[in-house]
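Build the full structure now, drawing on both the sequences and the hints.
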Amino acid sequence: MTNTKHTNRLQLGSGIVVFLLAATMVSAADHRNLAATMMFRGSSGAKKPAASEFGLGPRISASGRYVATLAAERQLRPRQMQTVRVTVIDGSGQPVDGATLTINGGMPQHGHGLPTRPRVTRSLGGGTYEIEGVRFNMGGWWEFKIAVSFEGDTDIVTFNLGL
Amino acid sequence: MTSKLFLFTPGLVVLSAITGFALSNSNQWSEAELATLQSLSLSELEPLAVDPTNAAADDTRAAALGEKLFFDARLSANGAVARATCHQRDKAFRDSIPLGRGVGKTAKRTMPIAATARAPFLFWDGRKDSQWAQALGPLESAVEHGGTRAQYAHAIADHYRTEYESVFEPLPDLSAVPSSAGPAGNEAAVAAWTRLSNVQRIAVTRVFVNIGKAIAAYERRIEFGPSRFDQYVAAVTSGQPGHGILSGEEIAGLRLFIGRANCTQCHNGPLFTNNEFHNTGVPPRPGMPTDDGRLSGATAVLHDEFSCRSQWSDSRERCPELEFLVSRDHALNRAYKVPSLRNVAERAPYMDAGQVATLAAVLDHYNRAPAAAAGHSELWPLGLKARDLHQIEAFLRTLNGPIVVNGHNSTEAVR
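Chains as they are written, first to last, in my numbering: chain E, 1 to 163; chain B, 1001 to 1415.
A portion of the hints provided could be inaccurate.
[What the hints assert, rightly or not] The calculated DSS-like cross-link candidates involving lysine-lysine, where the alpha carbons are at most 30 Å apart (straight line), are: (1) K47/E to K1068/B; (2) K145/E to K47/E; (3) K1105/B to K48/E.
[Said to hold, decoys possible] Simulated restraints, written as ranges between beta carbons of each label pair: (4) E130/E to E1187/B: 45 to 55 Å; (5) S1096/B to A62/E: 53 to 63 Å; (6) S1030/B to N104/E: 42 to 52 Å.
What the hints contain is simulated information worked out from the structure, not anything from laboratory work. All C-beta atoms in this analysis are idealised placements derived from N, C-alpha and C, irrespective of residue type, glycine included.
The structure is reproduced here in structure tokens:
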């Protein structure tokens, strides 16, 4: 009985040691990841949004003036020059035509912008605009920002795209 | 007994975690990882798109002429330098020296040719936007071929008249054109060029441009063939273990490559390049003049005499690469083209001016991430151990494969 107890204690001890070792390893890995994140230049600790925040919209602009929806000819893919369309409506659901759209974006976790300068090349009416020159140079989380300037006000719609 | 099992549990969890880790280092890939592996496979390469700027690009007669011109040293100032002098077929169209040598010594390492038809921009700084425009640069460079466009037009008339006229158009009358004249030659050549009429200059330049287009028709047939890595991806994505294709060491390196080492941030897709330009803090070659890389290259390509938008392009209407180009951005300072990593282990020395002698030294650079001499490096220290770096290097060697010309291994290619 005494021997069994002793053995149990040893097992308990070794179990704890292994557990602590594993915990230390996990903590070290976390620390390493944190250190790597902190060393990302210009990353400012950007956290990837929830899956529900991803996609082509509809998305509401930062100040709530507009709702925008993206449409792509085909699934967006890395490294290809692509054309997308965006449809903008106002708070009352009316299409916004005659706005000036400025495109920006990048990879928040990598601290770089878009590799090209996409821009609106056609206004198709019904609040829809064609944006050409869209390219993403790697897979992952991209922000695609459309600044809508209309009647003296500017509001920004941010799309989170997973390539 | 119950307490004994309970007490053992943490140990068992750790044990299974360790076992799982070992398995995952052989061939257990997650769905997301398998998708990444597939995206890097050569089988993902799309059919080569038409080059609308070069109407002769897919003409086999143009390719045959281009191949002859590629190997013809008469297209040089001293009759000793061909395109194949730097792009040697038996060396996978490279020269294995730090700085390319033509009639003189250049300031840059010779770039590979394979798959460049798929690159929107050429040269380390991307100052050209097509293979044919690229091919014209070295011909007029004082340190590469060193000749003039009038000289090259005469060479075509003297040696390739029939082939040229069967692909392009009747050659112009060059009887009044001096043997050497061009806008980029020595003082005498430039003076001779200015004495030509506008009609003569256009006629000569058209022949010169068509030399580039014929060479491009040949070069666009030079591609990468499948490597051991591609065989491995084909196996694991079809549910096979891939045993015997890659070693454990190589698989561990692949896992780091698509994971912690962040290599696929730039080296992605089936050619292991995003075709962009990045400052990675590579120091300038000692004793060489420094340059600002893509910052000047982006402006240069917008104003290039032979760009997609130029009068020499066969499709000037749509040039999306130029239309949506990022230029005059500080991030372009000392940014250089991301090269393909296919066959990278055979390509020493490395970087734009051959500054880094070995693959191990390249990996050490990326791991340390030193500050850039100018502009800002996009790298950050990776904190990888020597063993990690060794594994990544082992993986990179699995990307060696044949260079394929017209579907044949280049070393077996029939002339």
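Now the hints, each set against the structure:
1. A hinted pair counts as satisfied when its Cα atoms are at most 30 Å apart, and K47/E with K1068/B does not qualify at roughly 56 Å.
2. Restraint check for K145/E and K47/E: satisfied, since their Cα atoms lie roughly 17 Å apart, inside the 30 Å limit.
3. Our distance criterion of 30 Å between C-alpha atoms is broken by K1105/B and K48/E, whose separation comes to about 49 Å.
4. E130/E and E1187/B have their C-beta atoms about 51 Å apart, which keeps the hinted 45 to 55 Å range intact.
5. Checked against the hint of 53 to 63 Å, the pair S1096/B and A62/E passes, with Cβ atoms roughly 54 Å apart.
6. Roughly 33 Å separates the CB atoms of S1030/B and N104/E, a value that falls outside the hinted 42 to 52 Å.
Consistency with the previously given hints fails for numbers 1, 3 and 6, ordered from lowest to highest.
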